[in-house]
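Starting from the known structure of chain A, arrange chain B on it as the hints suggest.
Chains A and B are the protein sequences, given in the same order. Residue numbering for the first sequence follows my numbering, beginning at 3 and increasing consecutively. Residue numbering for the second sequence follows my numbering, beginning at 3 and increasing consecutively.
Treat the hints as calculated values from the structure; they're not laboratory data. Since this is a predicted model, take the numbers as computed values, not measurements. Keep in mind that the hints are not guaranteed to be accurate.
As the list makes no split between identical chains, a pair holds if one copy fits it or if it spans any two.
[To be verified] Result set (DSSO-like, lysine-lysine): computed pairs, CA atoms no more than 30 Å apart in a straight line:
1. Lys178 / Lys189
2. Lys189 / Lys258
3. Lys258 / Lys178
4. Lys178 / Lys325
5. Lys325 / Lys355
6. Lys25 / Lys178
Protein chains: 2
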Amino acid sequence: MSSVIPVLLSGGSGTRLWPVSRKSFPKQFAPLTGDQSLFQASALRLSGPRYAPPLVLTNADFRFIVTEQLADAGITPAGILIEPAGRNTAPAILAAALHVARENPDALLLVAPSDHVVPDADAFGRAVEQGIAPALAGRIVTFGIEPTRPETGYGYLECEGAGGISPTPLRRFVEKPDAATAETMLKAGNFLWNAGIFLFTARSMIEAFRAHAPEFLAPVEAALDDATRDLGFLRLAPQPWQTLPDLSIDYAVMEKAANLSVVRFAEHWSDLGGWDAIWREAQSDRPAWRGVVADARSTAIDCDDVLLRSDDEDMEVVGIGLKNMMVVATRDAVLVADMDRAQDVRQAVTALKSRGARQAESFRRDHRPWGWFETLVMGERFQVKRIVVHPGAALSLQSHVHRAEHWIVVSGTARVTVDDKVSLVTENQSIYVPLGAVHRMENPGKVPMVLIEVQTGVYLGEDDIIRYDDVYARS
Amino acid sequence: MSSVIPVLLSGGSGTRLWPVSRKSFPKQFAPLTGDQSLFQASALRLSGPRYAPPLVLTNADFRFIVTEQLADAGITPAGILIEPAGRNTAPAILAAALHVARENPDALLLVAPSDHVVPDADAFGRAVEQGIAPALAGRIVTFGIEPTRPETGYGYLECEGAGGISPTPLRRFVEKPDAATAETMLKAGNFLWNAGIFLFTARSMIEAFRAHAPEFLAPVEAALDDATRDLGFLRLAPQPWQTLPDLSIDYAVMEKAANLSVVRFAEHWSDLGGWDAIWREAQSDRPAWRGVVADARSTAIDCDDVLLRSDDEDMEVVGIGLKNMMVVATRDAVLVADMDRAQDVRQAVTALKSRGARQAESFRRDHRPWGWFETLVMGERFQVKRIVVHPGAALSLQSHVHRAEHWIVVSGTARVTVDDKVSLVTENQSIYVPLGAVHRMENPGKVPMVLIEVQTGVYLGEDDIIRYDDVYARS
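Only chain A is shown next, with the shape it has when bound in the complex (with noise of 0.2 Å):
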């Protein structure tokens, strides 16, 4: 049997679930529903004797991020395509398909989203082998999800001939259905959830693109053919790369080409689309009183249907005679919504931004390629940050105009370097970094290293500083 080369798509930006999906640090990468971020739990369900190491496809901001999940979970990937502008999926599954042809046109790839829940891995392994012969035989296979419930938030995949036919093929693709229009499609028994995961070879994809997007061809070609390899990472050149349209593979291909088939997959499956969703997913694991999902940080009185979350390890969410809401309560942001706005949640993030609110975007916690930080309090003239970095990783050689810093080691070894003196400091033991002086920290040991640091001066932006070396390739 052909093994199967996942193709995780993670360059997602997942506003629909702030205040925890942001931009900087979006919903694929959270430990939404368990421990595991969905990005690693997807990775997984396509890990195993059926298929080959990944392919993952994400942008430069979260390339670290990627390599670290990975990492955690155990997997390594047969490569990570950075993507030099977010262009939607045509670009980037064209870009897999040409990247996997240059070395063997008739690989088979399976293209799935990082963001989607999917508790059956077996079942949906065998559901990826019974499209593997159609795939083979030139199909582009696409995965379509039984309907539970009359939803409108999805598209749906019309299947030829009379339901229950696996692998059967397509008829038509149909857009977000009305509330009548989706209960008859309920009903009808041959409309599945249009889940965006495919299977094909890499040839079958080219050949889709050259018949129905052949403007496609040429500039993703060329970001290939000029893109760099840079710590393990391949960067698509980023022209003519930027001046493709934003596109879907459903526009661009699907919904024009010929030769797809549907595998049906009757098992529980969810994209975690919004609250709502996170919520409905709550209560599958195990039915809510009065259909009140709240977690351990949370209380509900007198509530009926209501979402009551807390992402912050010292924050008490209390909801009172509420009815039908979702409350999520993080660090930096609260968002209190009536369920049925919850594809609204991105007009928050479009209204933060437009009032220059960080919280749109980003969180308090950066992570970084050699680990992260985060602003503990921020004063007049000072500033104190928790910093974590890696075993083995190691901060720019850096300096700054404005500030001086006290490092103080609360767990872990830091090699540090001041100037030209280079110094062990351990567990309760601290060091000054004057202003000026050129510094490097390292983590030379095998655990976390974990460093208070705190800076005074009159200006603390991270702007202010020198980068004299740098393992990362930061500029």
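Quick look at chain B alone, frame taken from chain A:
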């Protein structure tokens, strides 16, 4: 004209305004509606030529908050009486009357809660003036607020004669009415809201207790006889005070006394008795579009009749599609409730208390006589605190068994004792306090001293402290 001694009652715990008001720092001390706290605003309203310096009644937990806030407001009190235990208003008011009577039984006392809003202080002062003659003639004068709506949340005062005459004898107290009764009383014109504000001579109040609640006299006398002076506070003796019943002045005396008069007050007044009152209050300042009251960190999208409030400078609040709701977010707790459930917010406090959540009663910021501190982050074996010390203040001389401390001064100057060494540590300097060292931190300067403390150790509880010496007489 006789001057009036304001008696500020400020021992309450304000649970209906949780999470901004908590037992450890209740609403009267919080800047709920402006820069000043309600307590400060109340003290200032009752200062000036009409009034003598105030007498404050509070409890031991709030004593340093009271002195700090009075000092900030530039007010020197006549005395601060510490109640050994909260026993409602009856014993507190009797203690004030007996205390004042020892110097001058004919002195006029104006008892007022310290958590009400009365924007027009001069109008209120004129109302007080109207009450002076009857009070000197032996009447107990109560102040009735002219009702502006059929409120069911307040008690009422029924005045003798037709509406509009002031002062006028009181016919009777009316318990919180149902909606229909409230409507009838609003139309009748001779019913006023009971604001819990009273003017009387010390002698009259003592006589009223002797006539209607004589069982209070001996225990309260004893509490005063055995009171101790401590750093300027008069601490009432705990026995037999603690055996007193928990009773309001209304129940103990007012509802039985026949010598009551009412002064009508027609200007704006609010008891800020719940978040619905805060919401209403904000609209009385400036009518809100679609009833939305939102602060600078809150965003309302398609909301009607909502209060959206963020009490943390780094917290964004977004409401989508909400109607008749209140959302109050702080650094560590979020309340979301139907506006009609404002009185049930105390249930939130009860629920959190029953499962041991700190947020039920206390804040991250902990006020102490020397200033305050807050935990910025609590880690596996470390904790980072921000500590602010008032000019001239000093922490106790202490040592710890389980932790070492790194101190970095980020504002002002500290005088630091570590064992037998005393040093001045100023901005951008640090000092290390080894485990077991006897140490003290003082602010010898003229500006607040701000210090970042990084603790390391296996146990970091506040109770790992041996105190050798404390200027605030804490054990």
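So which hints don't hold here, by number, going up? none
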